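Number of protein chains: 4
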Amino acid sequence: MYDRDIRKDEEMKKLLIEKAVEKLPNSFAPYSHYNVAAAALFDSGEIYTGVNVESSLLGLTICAERNAIFHAVAEGEKKLLAVAIVGGIDGKRTEYCVPCGACRQVMRDFGDKDSMIVLSAKTPEDYQENTLEELLPFSFGPESI
Amino acid sequence: MYDRDIRKDEEMKKLLIEKAVEKLPNSFAPYSHYNVAAAALFDSGEIYTGVNVESSLLGLTICAERNAIFHAVAEGEKKLLAVAIVGGIDGKRTEYCVPCGACRQVMRDFGDKDSMIVLSAKTPEDYQENTLEELLPFSFGPESI
Amino acid sequence: MYDRDIRKDEEMKKLLIEKAVEKLPNSFAPYSHYNVAAAALFDSGEIYTGVNVESSLLGLTICAERNAIFHAVAEGEKKLLAVAIVGGIDGKRTEYCVPCGACRQVMRDFGDKDSMIVLSAKTPEDYQENTLEELLPFSFGPESI
Amino acid sequence: MYDRDIRKDEEMKKLLIEKAVEKLPNSFAPYSHYNVAAAALFDSGEIYTGVNVESSLLGLTICAERNAIFHAVAEGEKKLLAVAIVGGIDGKRTEYCVPCGACRQVMRDFGDKDSMIVLSAKTPEDYQENTLEELLPFSFGPESI
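In order, the protein sequences belong to chains A, B, C and D. Numbers 1 to 145, taken from our numbering, label the letters of the first sequence in order. Numbers 1 to 145, taken from our numbering, label the letters of the second sequence in order. Numbers 1 to 145, taken from our numbering, label the letters of the third sequence in order. Numbers 1 to 145, taken from our numbering, label the letters of the fourth sequence in order.
Because the hints were derived from the structure by calculation, they are not lab data. Remember, predicted model here, so these are calculated numbers, not experimental data. Incorrect hints may have been included.
Covered by chain D, per the in silico footprint, the following chain A stretches (three or more residues, Cβ under 8 Å) [what the hints assert, rightly or not]:
| no. | stretch |
| --- | --- |
| 1 | 20-30 |
| 2 | 86-92 |
| 3 | 98-111 |
| 4 | 118-131 |
For glycine and all other residues, C-beta sits at the position ideal for the given N, C-alpha and C.
Could you build the full structure based on these sequences and the hints that come with them?
Below you can see the structure in the form of structure tokens.
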């Protein structure tokens, strides 16, 4: 179990970003050439990674963040604590990649909106940090259904 | 052309909500029984409507807001000014329906984040109003690609 | 009501293809430059059209066929009889556009697999015709849930 | 590397189905209660698993097959050889689960349509086998773009 406060755990934040950076070469983006990788921490303490995978039928493309989260759930995880995101055109990490609206919505299914954090990173030392509530205010989630 | 400021045009806001309410009976939600309808105003002055349509393959379900926007683009529209949303379980309008993250992201493709508004409504007189920027802060859109 | 057998109604097939061709200029495909339009006949006798609409978040892209079908349902339709599809790179109709797997699945929700037809067309006189069953054999649909 | 012909490798087929069955308890389907798991063999010889994960925003739901494939690509895989699928209401394996059209389309991005196989299984001994071409005839894929 991970029983610390991720918002204050600088070491874990760095580790998450490093894990995302490691996977970036696997990003499969032959159409947009916009490569993205993500690493997601769950309350078990395990870290799961994903990359964006583009389909020739563009609308079936998956983002890195959802790829990581869906895989984690397939491994039995339920409670999402943090997601780190890195990427850019041709894998050059020149911007802070923020999650798209669809990924923010899926984070809402598995993360607590006030304590879950998203790290949009260039390097393990250079990132922007937001809570899910900051990224998806006025939201609805599983409690609404 | 619609050349007014939608944020100050109370008459148009009411009309949008009324148009959404009119379509609500067409919502096709046999699995969730959560019925939603939307009306979207474009800069031509035309209003387009949509409802949520659920597929038996749940992941192919479309929301009311995107249904309205995608149809509008098919009719030649490009610039989205406002979207009104109504709905609830069994079509009962007991809550203010906010757009999901995926719909917010698609709004970002066709709307100006600072001036475009979303009306989450119960009745033409009872609604919450937000700019797209308020609903999807720290966003990216077509300008990033 | 449309009470003829679409498989034998050459006039209606031509009309569907013409309606799709007319909408092709509205296709919004700034990323792939692969433009597609579709026209869908429902049992009311009404024809609904759609185009592909690409999102800067590629995975939120919608196909022409689903755009037409979802709009039709929003207008109260339930029973899909036929879909005509036209398109190609830069809107040049040099190939027979077949529907993607996701669109075939959504057709399955509203069409009868043995009698519904898909027309993949270059011109109103030059098209390939398939039943939904031919395009999506061994399928499941709303009856399975 | 896996250098055998999967269509004749009964042992591997059984193993794939067993791997899918093992993951079935992780299926997250709180809305449909239709649980599905999949196992995918790539040409490296590695097997990747996935389950369906439903979102409270139904349209963001992912199928088991795509979950497995997208994760495999994130791990560096490119060439898909076979997918086994198991599942049913409340996880009871009383039917042969076929892949939806969207999953068939994504298989088309990574599998050879004539040699790739899909196993719709109840048990390791009781399954239906189809090539991708049988499941998605008249298809298009990455070669078309």
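Here is how each hint holds up against the structure:
By the rule of at least three residues with a Cβ nearer than 8 Å to a Cβ of chain D, the coverage given for the stretch 20-30 of chain A holds, with 4 such residues. With 0 residues having a Cβ less than 8 Å from any Cβ of chain D, the stretch 86-92 of chain A misses the three-residue criterion, and the hint is violated. Counting residues of the stretch 98-111 of chain A whose beta-carbon sits less than 8 Å from any beta-carbon of chain D gives 5, enough to reach three: the coverage restraint holds. Three residues within the 8 Å Cβ limit are the bar, and the stretch 118-131 of chain A against chain D gives 0, so the coverage statement is violated.
In summary, the structure is inconsistent with hints 2 and 4 from the numbered list given earlier, while agreeing with the others.
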